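With chain X fixed as given, assemble chain Z onto it according to the hints.
Just so you know, the protein sequences line up as chains X and Z, in that order.
Sequence positions in the first sequence follow the working numbering and run 1 to 126.
Sequence positions in the second sequence follow the working numbering and run 1 to 425.
Please keep in mind that the hints were generated in silico from the structure rather than gathered at the bench.
Check each hint, because a few of them may be wrong.
To be verified - Okay, the calculated bits of chain Z under chain X, using three or more residues with CB under 8 Å as the criterion: (1) 116-126; (2) 315-328; (3) 360-372.
Everything numeric in this text was worked out from a predicted model, so none of it was measured.
Using N, Cα and C, we set each Cβ at its ideal position, and we do this for glycine too.
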Amino acid sequence: MKIRNVLAATLFIEIAVVCLFFAYRYVNIQSTIALMLFNGLFITIIFQLNGSFAKKTCLLALGNVLGAFWNYLFFQLINSGEQHFGRVFMVFYALIFPFVNVAWVVPFWSLSISFLTPNTEPQGKL
Amino acid sequence: MIIALLQGFFGFCAIIITAYLVRHYIFTLTVLKKSKNRKTQTAPLNASCNPTVSILIPAHNEEHVIEKILQQMSQLTYPKDKLEVIMIDDASSDKTGQIADEYSKRYNFIKVLHRDKKIGGKGKPAALNAGLKMSKGDIFLIFDADYLPEIEIVEKLVSPFSNPQVGAVQGRPVVLNEPENILTRMIALERISGYRVDQEARNSLGLIPQFGGTVGGFRHSVLDEVGGFDPKMLTEDTDLTISIYGAGYKVSYVGEAECYEEAVNNWRAYWRQRHRWARGHMQVCFKHSFNILKSKKLNLKEKVDGLLLLHIYFVPILTLLSLLLGIPLIVLSPETPQILWFIVPVTLYSFVGNFAPFFEVGIGAYLDGRKRLQWLAPLMIFAFLYNMLICSKAFIDVLIGFLRGSQGDWAKTEHLGKGKSYISN
Numbered sequence: 001m002k003i004r005n006v007l008a009a010t011l012f013i014e015i016a017v018v019c020l021f022f023a024y025r026y027v028n029i030q031s032t033i034a035l036m037l038f039n040g041l042f043i044t045i046i047f048q049l050n051g052s053f054a055k056k057t058c059l060l061a062l063g064n065v066l067g068a069f070w071n072y073l074f075f076q077l078i079n080s081g082e083q084h085f086g087r088v089f090m091v092f093y094a095l096i097f098p099f100v101n102v103a104w105v106v107p108f109w110s111l112s113i114s115f116l117t118p119n120t121e122p123q124g125k126l
Numbered sequence: 001m002i003i004a005l006l007q008g009f010f011g012f013c014a015i016i017i018t019a020y021l022v023r024h025y026i027f028t029l030t031v032l033k034k035s036k037n038r039k040t041q042t043a044p045l046n047a048s049c050n051p052t053v054s055i056l057i058p059a060h061n062e063e064h065v066i067e068k069i070l071q072q073m074s075q076l077t078y079p080k081d082k083l084e085v086i087m088i089d090d091a092s093s094d095k096t097g098q099i100a101d102e103y104s105k106r107y108n109f110i111k112v113l114h115r116d117k118k119i120g121g122k123g124k125p126a127a128l129n130a131g132l133k134m135s136k137g138d139i140f141l142i143f144d145a146d147y148l149p150e151i152e153i154v155e156k157l158v159s160p161f162s163n164p165q166v167g168a169v170q171g172r173p174v175v176l177n178e179p180e181n182i183l184t185r186m187i188a189l190e191r192i193s194g195y196r197v198d199q200e201a202r203n204s205l206g207l208i209p210q211f212g213g214t215v216g217g218f219r220h221s222v223l224d225e226v227g228g229f230d231p232k233m234l235t236e237d238t239d240l241t242i243s244i245y246g247a248g249y250k251v252s253y254v255g256e257a258e259c260y261e262e263a264v265n266n267w268r269a270y271w272r273q274r275h276r277w278a279r280g281h282m283q284v285c286f287k288h289s290f291n292i293l294k295s296k297k298l299n300l301k302e303k304v305d306g307l308l309l310l311h312i313y314f315v316p317i318l319t320l321l322s323l324l325l326g327i328p329l330i331v332l333s334p335e336t337p338q339i340l341w342f343i344v345p346v347t348l349y350s351f352v353g354n355f356a357p358f359f360e361v362g363i364g365a366y367l368d369g370r371k372r373l374q375w376l377a378p379l380m381i382f383a384f385l386y387n388m389l390i391c392s393k394a395f396i397d398v399l400i401g402f403l404r405g406s407q408g409d410w411a412k413t414e415h416l417g418k419g420k421s422y423i424s425n
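Next comes chain X alone, as it looks inside the complex (with noise of 0.2 Å):
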């Protein structure tokens, strides 16, 4: 591997674990936990497939910033919600909350696998 490469992953490891401090001590645990989730998903799975490390490493830590500031300000939303209509909107965040981080993770995977996609196209065989 290129020297510019390891410095460039290490570089972007490093904005992932950022991201993760970040979410733990400015949002709360569950995005933190939802952001570990993700980076677990993303190094068992999405390192496994083509594609230089450097790139993944890349689109990993852009999947950290996207996830740190989405759940950053689906927080602060909740936080003025919960000013103006109380403990009654806890339980729209409760409800919504899975779907809020379906909105980043599930287009995030998607757009990362078609990046690494080989462009090879399939024929049907009829």
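Quick look at chain Z alone, frame taken from chain X:
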């Protein structure tokens, strides 16, 4: 007390859903590992295995599609002296029977079994049993009328039968009318995850690959041993899969044996089809769960996989319940640790994508080289939410059916023959 009960149920749901999540995670890793080792290598055909084969095609009012499959049958490369095709015209009121008769006159290995309205039209299992009585092959294969098999499919499907342990085989359906609309594209994604990953992994891990009711077949003697198709079952395929394992045989999945199908193209038809699948699966679950547990022919991992397979249509119901149970828990018990709120939602979103998590869908599409189809995976959340309702309704119908002593009617899927080309991008 109520809070403790709710928390207990909440935890139970979380454990069950997590078990499925782990199962699919293992499937995904297994298939990835296998694809690395094999790359594009295909399974070798067993040239010495060429038994007599009967192909059964049950059809009820399929005039739009029947000609295509019969045309495809006429081009099969399997030796014609060892092949018979039996088209079962199951009380059709359209031109299905006439079209089949024309092909029967042209090709002597194609036969037609006409069932009139007095005895026919009672569902696929009954039609198949009638065809089975007429068939003479050692092996018989089943294709639905809207399916278009590749011409070498018979060789590929009979090959695993050289192993005497194999009682049934299953090939791979591929959606032919995929470009038609967003729903058919999403069904194509479902099929990819279900067969390219799920079935492939179960086959590789020595678990229970499922016979899917079409694009597959049985050893004739095995089917006689388990008593044929149960006409009371709405999903006779799942019923037979479990019966075959219970009799000490295996189902083998042959991913290279591709067959092209017409997927349902509107949400109403999707509801009818999936409702039948869910209801039938639940029937089989109630029929076989205890048998699986006490079976001496199944090993531990087959028992675990069999039970998970049979209960999979309960997962959307559990997920719905988990979400709903979160509401009283938040209101009644604000001191509950926050992590508890998290467990189920996380497993829930991991399950988005109708019985297969997003990562399994993604890897299936990746392995098939489907770059753009990947992008539709986020939309599968709508199919999943829809399936919560379908499965809940099916469960209620099963319970009502038990009380009333009725098993439910066979809901036929309408096929219009819209699939014209296999498009992959």
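Going through the hints against the structure:
1. Restraint check on the stretch 116-126 of chain Z versus chain X: 0 residues with Cβ-Cβ distances below 8 Å, three needed, restraint violated.
2. Counting residues of the stretch 315-328 of chain Z whose beta-carbon sits less than 8 Å from any beta-carbon of chain X gives 3, enough to reach three: the coverage restraint holds.
3. Coverage of the stretch 360-372 of chain Z by chain X holds in this model, with 9 residues showing a Cβ closer than 8 Å to a Cβ of that chain against a need of three.
In terms of the numbered hints stated before, the structure departs from hint 1 and from no other.
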